[in-house]
Structures are given as structure tokens and as C-alpha cells.
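Peer 1: Sequence:
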Amino acid sequence: MTPTTDFLAPARLGRLALPHHLVMAPLTRNRAEPDGTPTPLMAEYYAQRASAGLIIAEAATPNAVGQTYPDIAALHTDRHTEGWRKVTEAVRAAGGRMFLQLQHGGRVSHPLTTGLTPVAPSAVPLPETIFTREGHLPAPIPRAMSGGDIRATVADFAGAARRAMDAGFEGVEVHSANGHLLHQFLAGNTNLRTDVYGGSVERRVRFAVEVTEAVAEAIGAERVGVRISPGGTVNGIREDDTEAVYPALVHRLRGLGLAYLHLVHADPGSTLYRRLRADWPGVLIGNPVLTDLTTEAVSRAAQDMLAAGADLVALGRPFLANPDLVTRLRRNAPLNPLRERYLMYVGGADGYTDYPALVG
Numbered sequence: 001m002t003p004t005t006d007f008l009a010p011a012r013l014g015r016l017a018l019p020h021h022l023v024m025a026p027l028t029r030n031r032a033e034p035d036g037t038p039t040p041l042m043a044e045y046y047a048q049r050a051s052a053g054l055i056i057a058e059a060a061t062p063n064a065v066g067q068t069y070p071d072i073a074a075l076h077t078d079r080h081t082e083g084w085r086k087v088t089e090a091v092r093a094a095g096g097r098m099f100l101q102l103q104h105g106g107r108v109s110h111p112l113t114t115g116l117t118p119v120a121p122s123a124v125p126l127p128e129t130i131f132t133r134e135g136h137l138p139a140p141i142p143r144a145m146s147g148g149d150i151r152a153t154v155a156d157f158a159g160a161a162r163r164a165m166d167a168g169f170e171g172v173e174v175h176s177a178n179g180h181l182l183h184q185f186l187a188g189n190t191n192l193r194t195d196v197y198g199g200s201v202e203r204r205v206r207f208a209v210e211v212t213e214a215v216a217e218a219i220g221a222e223r224v225g226v227r228i229s230p231g232g233t234v235n236g237i238r239e240d241d242t243e244a245v246y247p248a249l250v251h252r253l254r255g256l257g258l259a260y261l262h263l264v265h266a267d268p269g270s271t272l273y274r275r276l277r278a279d280w281p282g283v284l285i286g287n288p289v290l291t292d293l294t295t296e297a298v299s300r301a302a303q304d305m306l307a308a309g310a311d312l313v314a315l316g317r318p319f320l321a322n323p324d325l326v327t328r329l330r331r332n333a334p335l336n337p338l339r340e341r342y343l344m345y346v347g348g349a350d351g352y353t354d355y356p357a358l359v360g
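Mapping the sequence shown onto our numbering, position 154 (from 1) lands on 154, and the numbers just tick up by one.
Check before you lean on any hint, since a few could be wrong.
Claimed, not checked - No more than 25 angstroms apart at the CA atoms, straight line, and that leaves these computed lysine to any residue pairs for SDA-like: (1) LYS86 <-> ALA64; (2) LYS86 <-> PRO140; (3) LYS86 <-> GLU222; (4) LYS86 <-> LEU18; (5) LYS86 <-> GLY188; (6) LYS86 <-> ASP324; (7) LYS86 <-> ARG317; (8) LYS86 <-> VAL346; (9) LYS86 <-> PRO70; (10) LYS86 <-> ASP71; (11) LYS86 <-> ALA357; (12) LYS86 <-> THR37; (13) LYS86 <-> LEU256; (14) LYS86 <-> ILE141; (15) LYS86 <-> TYR345; (16) LYS86 <-> HIS136; (17) LYS86 <-> ARG193; (18) LYS86 <-> PRO34; (19) LYS86 <-> ASP354; (20) LYS86 <-> LEU16; (21) LYS86 <-> GLY347; (22) LYS86 <-> THR194; (23) LYS86 <-> ASP350.
In case anyone wonders, no lab produced these hints; they're calculated from the structure.
All chains, please: the whole structure from these sequences, using the hints.
Peer 2: In C-alpha cells, the structure reads:
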């Protein structure tokens, strides 16, 4: 891509022509059916936001044990596939394009949600409570994954990616961030293994690489992105060697021909960001930190990300509260304020599909 700071100028993502540089980041909203099937309300929500250059739909679990919280979307049955197909059809009818994030929660799960004991790299529990239908409860001790578990999970990610293509998505994003399973393999405090998946940096990145390779083989590398959160501490993660882990991971991924690398909370002024940008040969999506959700602040953050070498800019909360975010930024119009945080996850239309768009 030709560098630009004009985030409203046309852009490209491989074979996809995008109307501008703004991507809707994946946002878990807990509006699926209990079995993980997307609902008509979800189709309405995403269609409202179809003016995003690209929508990366919220995390969908590739198997039952990977479910994190109640009413999280999934993609491992025919019913899930059909539900997502209705979402992509609604978005496409509104002129949009969609990728789907694939996420396995690992230790971020509970038997009351899945009926199963969570699995993780090692038997290290989440050091905080976890939300269930019975409220917040102590996190259970996960079962350390066997070699067979690892192989099955890799296959499940590939299978979910094939289903995503059947459901009408343009591609998928492998979620290797925010303290979920792939991130748990990367981090030293959650990965205590002594086999080929633990110990050295090269071994800890192996699982994320194998998942990505399998997904790329299943649907084509040009349809696959990867999301990472270097230095992230969400869900009890602690990284003591961030500066070594992520260059090693990027080195393993860079030759696959992937669609993009997506950096969560990207800091364009950091040394690690500059190194990853220099090392990554393809499209880089930067997800900036936003503390001020105003038109001016969002526009400036997008410009700064592009100026620092990002090819596309992912925005989460601004799209959540503003179905017509692109129009508002183009007109320099005020943004809707984000309503009570609990409305993000309680289900129903409140705080979901009832944010107003500009009139006229």
C-alpha cells in the first residue's frame, strides 16, 4: 500500500478493495443463542455497521470447550454456519465485507458454561473470577492439553475456517491475543510445559504457528489474518520476554503470505511496534489505544497510526456506539457517547442496535 494519513481514502486488503482505511475491530457482545448460533439481532447489528471498510466479526469458538462466557458465538456445527450465513448476507446486502475472528478461550472458561473442564497449556487457573449464568465464580483449574488435544484443536480451527468460508466470510482472523488459548501458549506464566510447546520462545510460539498454518492451508493464506497483543495483561497474562516472543512469532508467520497482522493497543511510538512493522512484509492493522471517544481524538489516532506505517486502522468502541461512524468522521460530526458498560454484554437490543445514526 502507498503510505497515507488520509484514513478516508480508498484502501486494499489483498484482493479486496476497501472504501477507506477504517476497520471495525472484533467486539464480543454476548448476543448469540446459548448454543452459540448467531441471531437475527446480530445480523441487524452488523448490517448497521456495514460502512466500515472491513468488519472483523466477534470471536467465534471453533469447538465446544473453547467457549468463554454464556451466549458467545461459535462455529463448529451446521446450525452455527447457517446462523453466520444470515449475518454475512445482511452485511453484503448493505455493501459491507466481513472477516470472522476465531477464538478458543483456553482456561478462560467454566464447566457451568460448556459442561466441560477447560483446557490450557498447563494446569494454571485464571487468577480471577469468571462470569457464568450463576454469576461470577472462582475460575476452575484447567486440564493441561495432551499432544492429542493440541492436534485436535489445530484441526478444529481449520474446520471452523472452512465453515466460515461456507458462511460467506471473506476470511478469518486467528485470535492469538487478550489472554486466550493461543496467547496462553505464548506467555511464560501460563505455559509451564516442558515438551516441544513450552520452555524456549521458539517452542512457545509453535502452537500459534501450527494453528495459523493449518487455517491457511484450509482456506488459503490470503484469507487469514492473525491478531496479537504484545505486552497485554488481560485475563491474567504476564509476559517477561515480550521483546523476544513477538519478533520470533512474526518471523515464523511472515513467510506464509497472510492477509494481515493485527496489533491490539498498538503504540506507534514504541520500539517493539517499529520493529514489528519493519519485520512484517504485509498489511499491518493497528488498533490504537483510545482514552477519548470524540471525533477529534478518533480522527487523530487514525492519522497517527497510518503515519507510523500501519496500513489499516481498527476501531472498536467508536463503531460500537456509532453505526455510522465513517459518516460522522467524514462530516466532523459529534460521536454518540458509549452507554453503560454492562449493556455491552447483557443481551437484547439495548446498547446494541439502538444507537442512533445521523439524520440527513
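Peer 1: Now look at each hint and say whether the structure bears it out.
Peer 2: Comparing the hints with the structure gives:
Under the criterion of a C-alpha separation no larger than 25 angstroms, the hint pairing LYS86 with ALA64 is consistent with the structure, at around 22 angstroms. For the hint pairing LYS86 with PRO140, the CA-to-CA distance comes to about 35 angstroms; that exceeds 25 angstroms, so the pair is violated. Of the pairs offered as hints, the one joining LYS86 and GLU222 holds, with about 24 angstroms between alpha carbons and a cut-off of 25 angstroms not exceeded. Under the criterion of a C-alpha separation no larger than 25 angstroms, the hint pairing LYS86 with LEU18 is consistent with the structure, at around 22 angstroms.
The suggested pairing of LYS86 with GLY188 is violated, with an alpha-carbon distance near 40 angstroms, which exceeds 25 angstroms. Between LYS86 and ASP324, the direct Cα distance comes to roughly 21 angstroms. Compliance with the 25 angstroms bound is thereby established for this hinted pair. A threshold of 25 angstroms between alpha carbons decides the hint, and for LYS86 with ARG317 the separation of about 24 angstroms falls inside it, so the pair holds. Between LYS86 and VAL346, the direct Cα distance comes to roughly 22 angstroms. Compliance with the 25 angstroms bound is thereby established for this hinted pair.
In summary, the hint linking LYS86 to PRO70 is supported, as the alpha carbons are separated by about 21 angstroms, within the 25 angstroms threshold. Restraint check: the Cα-Cα separation between LYS86 and ASP71 comes to about 18 angstroms, which is no more than 25 angstroms; the hinted pair holds. Pair hint LYS86 plus ALA357 holds up; C-alpha atoms about 23 angstroms apart against a cutoff of 25 angstroms. Taken as a hint, the LYS86 and THR37 pair is honoured in the structure, with Cα atoms around 11 angstroms apart against an allowance of 25 angstroms.
At roughly 31 angstroms between alpha-carbon atoms, LYS86 and LEU256 are farther apart than 25 angstroms, so this suggested pair is violated. For the hint pairing LYS86 with ILE141, the CA-to-CA distance comes to about 37 angstroms; that exceeds 25 angstroms, so the pair is violated. Simply put, LYS86 and TYR345 have alpha-carbon atoms about 22 angstroms apart, close enough for the 25 angstroms limit, and the pair holds. Annotation: proposed proximity of LYS86 to HIS136 is violated, straight-line Cα distance about 32 angstroms (limit 25 angstroms).
Between LYS86 and ARG193 the alpha-carbon distance is near 41 angstroms, which puts this suggested pair outside the 25 angstroms criterion. Between LYS86 and PRO34 the alpha-carbon distance is near 18 angstroms, which keeps this suggested pair within the 25 angstroms criterion. Annotation: proposed proximity of LYS86 to ASP354 holds, straight-line Cα distance about 20 angstroms (limit 25 angstroms). Distance hint between LYS86 and LEU16 is fulfilled; the C-alpha atoms sit about 21 angstroms from each other, no more than 25 angstroms.
Pair hint LYS86 plus GLY347 holds up; C-alpha atoms about 19 angstroms apart against a cutoff of 25 angstroms. Between LYS86 and THR194 the alpha-carbon distance is near 44 angstroms, which puts this suggested pair outside the 25 angstroms criterion. With a CA separation close to 21 angstroms, the supplied pair LYS86 and ASP350 stays within the 25 angstroms bound.
Going through the hint list in order, the structure does not satisfy hints 2, 5, 13, 14, 16, 17, 22.
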